Amino acid sequence: GDSVTQMEGPVTLSEEAFLTINCTYTATGYPSLFWYVQYPGEGLQLLLKATKADDKGSNKGFEATYRKETTSFHLEKGSVQVSDSAVYFCALRVSGGSNYKLTFGKGTLLTVNP
Amino acid sequence: EAGVAQSPRYKIIEKRQSVAFWCNPISGHATLYWYQQILGQGPKLLIQFQNNGVVDDSQLPKDRFSAERLKGVDSTLKIQPAKLEDSAVYLCANLQGWGGYTFGSGTRLTVV
Chain A
715 GDSVTQMEGP
725 VTLSEEAFLT
735 INCTYTATGY
745 PSLFWYVQYP
755 GEGLQLLLKA
765 TKADDKGSNK
775 GFEATYRKET
785 TSFHLEKGSV
795 QVSDSAVYFC
805 ALRVSGGSNY
815 KLTFGKGTLL
825 TVNP
Chain B
3 EAGVAQSPRY
13 KIIEKRQSVA
23 FWCNPISGHA
33 TLYWYQQILG
43 QGPKLLIQFQ
53 NNGVVDDSQL
63 PKDRFSAERL
73 KGVDSTLKIQ
83 PAKLEDSAVY
93 LCANLQGWGG
103 YTFGSGTRLT
113 VV
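Top to bottom, those sequences are chains A and B. To get the working numbering, take the position in the first sequence, counting from 1, and add 714. To get the working numbering, take the position in the second sequence, counting from 1, and add 2.
Since the hints were derived computationally from the structure, they do not count as laboratory data. Some clues are possibly wrong.
What the hints assert, rightly or not - Result set (DSS-like, lysine-lysine): computed pairs, CA atoms no more than 25 Å apart in a straight line: (1) A:LYS766 x B:LYS46; (2) A:LYS766 x B:LYS13; (3) B:LYS64 x B:LYS17; (4) A:LYS820 x A:LYS774; (5) B:LYS17 x B:LYS73; (6) A:LYS791 x A:LYS770; (7) B:LYS73 x A:LYS820; (8) A:LYS791 x A:LYS774; (9) B:LYS73 x A:LYS815; (10) A:LYS815 x B:LYS17; (11) A:LYS782 x A:LYS766; (12) A:LYS815 x B:LYS80; (13) A:LYS820 x A:LYS766; (14) A:LYS791 x A:LYS766; (15) A:LYS782 x A:LYS770; (16) B:LYS13 x B:LYS46; (17) B:LYS80 x B:LYS64; (18) A:LYS815 x A:LYS770; (19) B:LYS64 x B:LYS85; (20) A:LYS815 x B:LYS46; (21) B:LYS46 x B:LYS85; (22) A:LYS782 x A:LYS820; (23) B:LYS85 x A:LYS820; (24) B:LYS73 x B:LYS85.
Said to hold, decoys possible - Just the calculated beta-carbon pair ranges, DEER-fashion: (25) A:ASN773 x B:LYS17: 17 to 23 Å; (26) B:ALA22 x A:LEU727: 23 to 29 Å; (27) B:GLY74 x A:THR740: 44 to 50 Å; (28) B:ASN54 x A:GLU729: 32 to 38 Å; (29) A:ALA767 x B:GLY74: 22 to 28 Å; (30) B:SER68 x A:ASP768: 39 to 45 Å; (31) A:THR825 x B:ASN53: 40 to 46 Å; (32) B:ASP65 x A:PHE732: 20 to 26 Å; (33) B:ASP65 x A:ASN827: 26 to 32 Å; (34) A:GLY792 x B:GLY74: 40 to 46 Å.
These numbers come from a predicted model, not from an experiment. For every residue, glycine included, the Cβ atom is placed at its ideal position computed from N, Cα and C.
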């Protein structure tokens, strides 16, 4: 079945450090890939997405490139801020029929210290 | 457009009691999902509705969980009787036109 594997957390960085959160996937068919973010006390919000191979999703300084050859969608940011502290979830959705089910990874907690 | 509204935000119950959660989705959005998010894990799909009909409930523990969506709008998720392992955040979501979801803030359930 479809699955998503994220790097284990927690991740603790200093402000302005470079961030990478690894994500790899297994899917039948051709998935769309997503990163969701969950700030403390809030619901899940879409951070960025990519719908086909070699697409790059970007938002708020975060980027991720859909790599079909390595089945990966790693999240990166060049300079993190304290306000980026949150839990980040990688997710995939395989198109087909009416079942647009999102499959999530376990999440990675990021803490950014000033 | 307004977001997905959920209530209550928090609920504490004793095991073997029953509990219900409510979701008011974005107006006009036909597809609604309930997810369970256990602490330290990613959300897991419980049930998907398309208008009033169930599309996927394969991971819903039907001996204790039930859900309905009346008139293709609001939805309720019920647990009866609750177990300790049901402690989690229950998330409601709508499918958006671009293929992603909009989530509500969730209901945090603690079973003691």
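Against the structure, the hints come out as follows:
1. At roughly 24 Å between alpha-carbon atoms, LYS766 (chain A) and LYS46 (chain B) fall within 25 Å of each other, so this suggested pair holds.
2. For the given pair, LYS766 (chain A) sits about 41 Å from LYS13 (chain B) by alpha-carbon distance, which is inconsistent with the 25 Å threshold.
3. Simply put, LYS64 (chain B) and LYS17 (chain B) have alpha-carbon atoms about 17 Å apart, close enough for the 25 Å limit, and the pair holds.
4. A C-alpha spacing of about 22 Å is found between LYS820 (chain A) and LYS774 (chain A), which places the hinted pair at or below 25 Å, so the restraint holds.
5. Distance hint between LYS17 (chain B) and LYS73 (chain B) is unfulfilled; the C-alpha atoms sit about 32 Å from each other, more than 25 Å.
6. For the hint pairing LYS791 (chain A) with LYS770 (chain A), the CA-to-CA distance comes to about 13 Å; that is within 25 Å, so the pair holds.
7. For the proposed pair LYS73 (chain B) and LYS820 (chain A), the alpha carbon gap of about 34 Å is over 25 Å, so the pair is violated.
8. For a cut-off of 25 Å, the pair hint linking LYS791 (chain A) to LYS774 (chain A) stands: about 9 Å separates their Cα positions.
9. A distance of roughly 22 Å separates the Cα atoms of LYS73 (chain B) and LYS815 (chain A); the hinted pair therefore holds under the 25 Å criterion.
10. Annotation: proposed proximity of LYS815 (chain A) to LYS17 (chain B) is violated, straight-line Cα distance about 30 Å (limit 25 Å).
11. Taken as a hint, the LYS782 (chain A) and LYS766 (chain A) pair is honoured in the structure, with Cα atoms around 8 Å apart against an allowance of 25 Å.
12. Among the hinted pairs, LYS815 (chain A) with LYS80 (chain B) is consistent with the structure: their alpha-carbon atoms are about 21 Å apart, no more than 25 Å.
13. Our distance criterion of 25 Å between C-alpha atoms is met by LYS820 (chain A) and LYS766 (chain A), whose separation comes to about 23 Å.
14. With a C-alpha separation of about 21 Å, the suggested pair LYS791 (chain A) and LYS766 (chain A) falls inside the 25 Å cut-off, and the hint holds.
15. For a cut-off of 25 Å, the pair hint linking LYS782 (chain A) to LYS770 (chain A) stands: about 12 Å separates their Cα positions.
16. About 20 Å separates the Cα atoms of LYS13 (chain B) and LYS46 (chain B), which keeps this hinted pair within 25 Å; it holds.
17. A hinted pair counts as satisfied when its Cα atoms are at most 25 Å apart, and LYS80 (chain B) with LYS64 (chain B) qualifies at roughly 10 Å.
18. Taking the CA atoms of LYS815 (chain A) and LYS770 (chain A), the gap is near 22 Å; set against the 25 Å cutoff, the hint holds.
19. Pair hint LYS64 (chain B) plus LYS85 (chain B) holds up; C-alpha atoms about 14 Å apart against a cutoff of 25 Å.
20. Between LYS815 (chain A) and LYS46 (chain B) the CA atoms are separated by roughly 10 Å; this keeps the pair inside 25 Å, and the hint holds.
21. For a cut-off of 25 Å, the pair hint linking LYS46 (chain B) to LYS85 (chain B) stands: about 17 Å separates their Cα positions.
22. Between LYS782 (chain A) and LYS820 (chain A) the alpha-carbon distance is near 21 Å, which keeps this suggested pair within the 25 Å criterion.
23. Between LYS85 (chain B) and LYS820 (chain A), the direct Cα distance comes to roughly 22 Å. Compliance with the 25 Å bound is thereby established for this hinted pair.
24. For the hint pairing LYS73 (chain B) with LYS85 (chain B), the CA-to-CA distance comes to about 30 Å; that exceeds 25 Å, so the pair is violated.
25. Roughly 42 Å separates the CB atoms of ASN773 (chain A) and LYS17 (chain B), a value that falls outside the hinted 17 to 23 Å.
26. For ALA22 (chain B) and LEU727 (chain A), the hinted distance range of 23 to 29 Å is not satisfied, since their beta carbons lie about 41 Å from each other.
27. Between GLY74 (chain B) and THR740 (chain A) the CB atoms are about 34 Å apart, so this pair departs from the stated range of 44 to 50 Å.
28. The supplied range of 32 to 38 Å is broken by ASN54 (chain B) and GLU729 (chain A), whose beta-carbon atoms lie about 49 Å from each other.
29. Distance hint check: the CB atoms of ALA767 (chain A) and GLY74 (chain B) are about 36 Å apart, inconsistent with the given range 22 to 28 Å.
30. A hinted range of 39 to 45 Å holds for the C-beta pair SER68 (chain B) and ASP768 (chain A), which are about 44 Å apart.
31. Checked against the given bound of 40 to 46 Å, the beta carbons of THR825 (chain A) and ASN53 (chain B), roughly 42 Å apart, stay inside it.
32. Restraint check, ASP65 (chain B) to PHE732 (chain A): a C-beta distance of roughly 48 Å breaks the suggested window 20 to 26 Å.
33. Our hint of 26 to 32 Å for ASP65 (chain B) and ASN827 (chain A) is violated, since their Cβ atoms are close to 46 Å apart.
34. Judged by the Cβ atoms, the range 40 to 46 Å given for GLY792 (chain A) and GLY74 (chain B) holds: they are separated by roughly 45 Å.
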